[in-house]
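> Spelled out from the first residue to the last, the chains are:
There are 2 protein chains.
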Amino acid sequence: MTVQRAHRAAPEHVHPDDVPLLTALGALADPVRLQLVRELAGSQDWERSCGSFDVPVGKAALSHHFAALRAAGLVEQRDIGPKRFNRLRRAEFDARFPGLLTLVLRP
Amino acid sequence: MTVQRAHRAAPEHVHPDDVPLLTALGALADPVRLQLVRELAGSQDWERSCGSFDVPVGKAALSHHFAALRAAGLVEQRDIGPKRFNRLRRAEFDARFPGLLTLVLRP
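Quick mapping for you: the protein sequence lines, in order, are chains A and B. 1 is the number of the first residue of the first sequence in the working numbering; add one for each residue after it. 1001 is the number of the first residue of the second sequence in the working numbering; add one for each residue after it.
Treat each hint with caution, since some may be false.
So the derived label-pair ranges between C-beta atoms look like this [stated by the list, open to error]:
no., chain 1, residue 1, chain 2, residue 2, range
1, A, D94, B, D1045, 25 to 35 Å
2, B, D1018, A, L105, 43 to 53 Å
3, A, P31, B, H1015, 31 to 41 Å
4, A, D17, B, Q1044, 43 to 53 Å
5, B, G1058, A, P56, 30 to 40 Å
6, A, P31, B, V1014, 16 to 26 Å
7, A, R106, B, A1067, 25 to 35 Å
8, A, R38, B, D1018, 14 to 24 Å
9, A, G81, B, T1102, 37 to 47 Å
10, A, P82, B, V1014, 25 to 35 Å
11, B, D1045, A, D45, 38 to 48 Å
Keep in mind that the hints were calculated from the coordinates and are not lab data. The beta-carbon is built from N, C-alpha and C at its ideal position, and this holds for glycine as well.
Generate coordinates for the entire structure from the input sequences, incorporating the hints supplied.
Have a look at this one:
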């Protein structure tokens, strides 16, 4: 019997309070992830699907980058139909690492 | 003819003003380099030689880590006799990346 799965597994999140400093720095020390964070910061919560970012990487690499952002407490994701939508966890991340987002979001 | 070099080449430095954000984040996103920075922050300028840090890496790796810290504008070095001494470029780095050192030096 084949069980049809309409959706992939829901994304696993880590709250910023549980993120080590090295994980946060490592997540931000990458040009693609920095671009994702900056674009998310310029968008409304849940406005952007993963496919809406114009980054120079393939789908598997992009999925890896979003996993790193979730593990660093930077991004929360929700599956709605076939798409996965994102929000930047700005307030929570800022409470855990004061000033870090401000610094990386400077023009 | 063999020319004897009494000293290795002087270390090359990059001023924090010329350091990209990604370079700074990448330099700090490493446990050994984070320990070096934290120990330097707790020492006087030029007090610590490279060999004085109790880090779990060999000499070549340690040299690589110090090169990464110089390239990120975090450390200035001076050769005195056979030893290389260090200082954290705290004020200059803080002017370039406000709050970042404060964040990584939190207990």
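> Hint by hint, note whether the structure agrees.
Hint check results:
At about 32 Å, the beta-carbon gap between D94 of chain A and D1045 of chain B stays in the expected band of 25 to 35 Å. Roughly 21 Å separates the CB atoms of D1018 of chain B and L105 of chain A, a value that falls outside the hinted 43 to 53 Å. Range check, P31 of chain A to H1015 of chain B: about 22 Å between beta-carbon atoms, so the 31 to 41 Å window is missed. Distance hint for D17 of chain A and Q1044 of chain B: a CB-CB separation of about 35 Å, inconsistent with the stated range 43 to 53 Å.
G1058 of chain B and P56 of chain A have their C-beta atoms about 36 Å apart, which keeps the hinted 30 to 40 Å range intact. Distance hint for P31 of chain A and V1014 of chain B: a CB-CB separation of about 19 Å, consistent with the stated range 16 to 26 Å. Here the CB-CB span from R106 of chain A to A1067 of chain B is close to 26 Å, well matched to the stated 25 to 35 Å. The hinted window of 14 to 24 Å between R38 of chain A and D1018 of chain B holds, with their beta carbons roughly 22 Å apart.
Taking the beta carbon of each, G81 of chain A and T1102 of chain B are about 43 Å apart, inside 37 to 47 Å as hinted. Range check, P82 of chain A to V1014 of chain B: Cβ separation about 46 Å, and the 25 to 35 Å hint is violated. Our hint of 38 to 48 Å for D1045 of chain B and D45 of chain A holds, since their Cβ atoms are close to 46 Å apart.
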